[in-house]
Amino acid sequence: DDWPSGERAPPRAVTWLARSRRPLGGRFGGVGGTSGVMKHYEVEILDARTKQKLSFLDKVEPNATIGEIKVMFHKNHAQWYPARQSIRLDPKGKSLRDEEILQNLPVGTTATLYFRDLGAQIGWVTVFLTEYAGPLLIYLLFYFRLPFIYGPKYAFTSSPHSVVHLAAACHSFHYIKRLLETLFVHRFSHGTMPLRNIFKNCTYYWGFAAWLAYHINHPLYTPPAYGDKQVKIAFAIFLLCQIGNFSIHVALRNLRPAGSKTRRIPFPTKNPFTWLFLVVSCPNYTYEVGSWIGFTIMTQCLPVGMFTLVGFIQMAIWANSKHRSYLKDFRDYPPLRTPIVPFIL
Amino acid sequence: MAAGAAAAAAASEHKRGASDAAARRRRGPGPIATTYMVVYNVVMTAGWMVIAVGLIRAGLARGTYHGLYYSIEKPLKFFQTGALLEILHCAVGIVPSSVVLTGFQVMSRVFLTWAVTHSVKQVQSEDSVLLFVAAWTLTEIVRYSFYTFSLLNHLPYPIKWARYSLFIGLYPMGVTGELLTIYAALPHVRRTGLYSVTLPNKYNVSFDYYTVLIMVMISYIPLFPQLYFHMLRQRRKVLGTAEQSKKIE
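Chains as they are written, first to last, in the working numbering: chain A, 1 to 345; chain B, 346 to 594.
No false leads were slipped in.
With the C-beta cut set under 7 Å, the calculated list includes, among others, these residues of chain B facing chain A: (1) L544; (2) P545; (3) K547; (4) Y548; (5) N549; (6) V550.
If you're looking for bench data, these hints aren't it; they were derived computationally from the structure.
Every residue, glycine too, gets a C-beta built ideally from N, C-alpha and C.
Turn these sequences into a full structure, and let the hints steer you where they fit.
Take a look at the structure:
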């Protein structure tokens with residue numbers, strides 16, 4: 001037998017048992033050679049809706065995490081990979097986090113857990129890259145006036161208005177920034193989202209990008225009413241808000257160590273752009289709306305205005321939900337802060 | 346038939362039978378709300394009956410089924426637009442339905458009534474208009490009387506049957522009429538530039554109503570089957586159990 005007494009057993013209860021024939025209890029304790037009996041759990045997993053027994057896992061370690069249980073369950077049901085499993089204590093309850101440890105849960109040594117299929121999942125990074133690459137490319141199709149868009153007469157022509165070129169640069173910069181942030185800056189708390197979201201999100205981003213690009217790059221585009229002054233001021237707003245948005249993303253990243261999913265209250269840092277944290281819970285959204293307001297004024301284009309408005313509504317909803325969960329999690333959350341618009345919303 | 350109706354009435358009197366009435370009661374809208382809803386549904390039933398009678402009388406008097414839209418244009422607009430109240434009912438909570446779903450259904454009707462049939466005068470003489478108006482009329486008379494009887498806890502089985510069966514034919518009939526009407530409107534919209542905004546303009550916006558109508562037509566492809574199969578599933582659920590309780594009787 002190749003497992004000496006007093007040694008800590010490997011995390012996989014099943015493999016340990018497969019290798020040794022020793023009976024449980026007695027000399028096989030935990031770390032440090034304690035002589036406690038290691039009580040293994042039995043976990044039965046039922047379908048949350050039909051209550052049908054889907055899996056019975058025996059000899060599960062007490063310190064097994066939900067994440068490890070999901071891997072075991074996946075072995076019995078190949079179609080349900082861990083990312084699409086929702087495991088809960090109660091059929092209608094909240095999903096248990098992957099980090100939860102079995103013995104810390106309010107269950108007996110025969111634990112009953114409920115499973116819900118979250119549906120096909122797709123990685124957040126994949127979704128973000130796809131939804132941002134689209135607008136970047138689509139806008140340029142319109143900017144370069146590919147023949148099928150404005151007709152052969154205007155094919156590959158260039159706009160005489162400088163603001164149109166500036167707009168193309170700003171729009172492209174915005175989405176390149178987003179792509180790079182997705183790859184190098186953001187730390188996601190969830191790995192995946194439902195697959196249908198990618199169709200919904202891409203339709204939104206790609207559709208709006210096409211709609212606003214069509215108008216800005218149109219041969220009959222009318223430049224802003226107040227000319228260069230309007231363009232310069234609006235561009236300044238856009239640029240400052242982009243820097244602000246980036247500063248917040250970096251600050252949020254530094255708040256969370258690599259590989260962790262802990263949540264802490266964000267506070268202003270030495271970077272003046274982060275001082276917006278004093279009055280707002282989600283300054284990244286504030287700066288994002290600000291960028292798009294700048295872009296709207298710069299192009300004086302109603303479709304851009306509508307994109308800004310819809311984006312604002314969505315971000316306000318997200319900011320409000322984030323704000324409420326901050327309030328719930330932290331007793332000492334700064335009372336001066338509003339979700340997205342300082343002092344107002 | 347009478348036995349079935351009596352059995353259904355008895356079952357619903359026990360308050361455990363008619364699932365729809367029970368569902369509505371679980372929410373517990375007060376007596377004022379219930380009275381209002383009964384009045385609303387009775388008025389709507391009567392209104393669509395007026396439209397039905399108007400169609401029949403005009404058809405008999407003229408000896409043809411062409412051009413009957415004009416004889417019921419006003420009550421059609423009035424009662425179909427009145428259905429907007431149903432969105433309010435859901436929002437306020439006196440009807441346990443989804444605001445989004447109801448909103449979508451009512452808006453699509455209102456869109457066809459005003460933004461297509463009323464706005465493009467040339468389609469008003471089309472036969473496709475009669476197709477969808479007839480489908481709507483029959484559907485609504487059954488639907489509103491179904492709600493009325495449910496609220497009063499006296500749901501005759503034939504009404505329940507009709508509500509969950511007639512759609513099988515009426516739904517495709519209505520959709521055909523609607524699509525043909527929108528299609529007929531297209532050339533006129535293109536020619537007159539109805540509801541459209543062209544470039545150049547100060548706010549760099551354009552709106553092509555012709556394209557919007559085409560997109561509306563395309564949207565029927567994913568939406569119609571979803572709604573249709575939803576109703577079929579509802580039918581199995583509602584009429585399935587009723588048939589069982591009839592057998593027990």
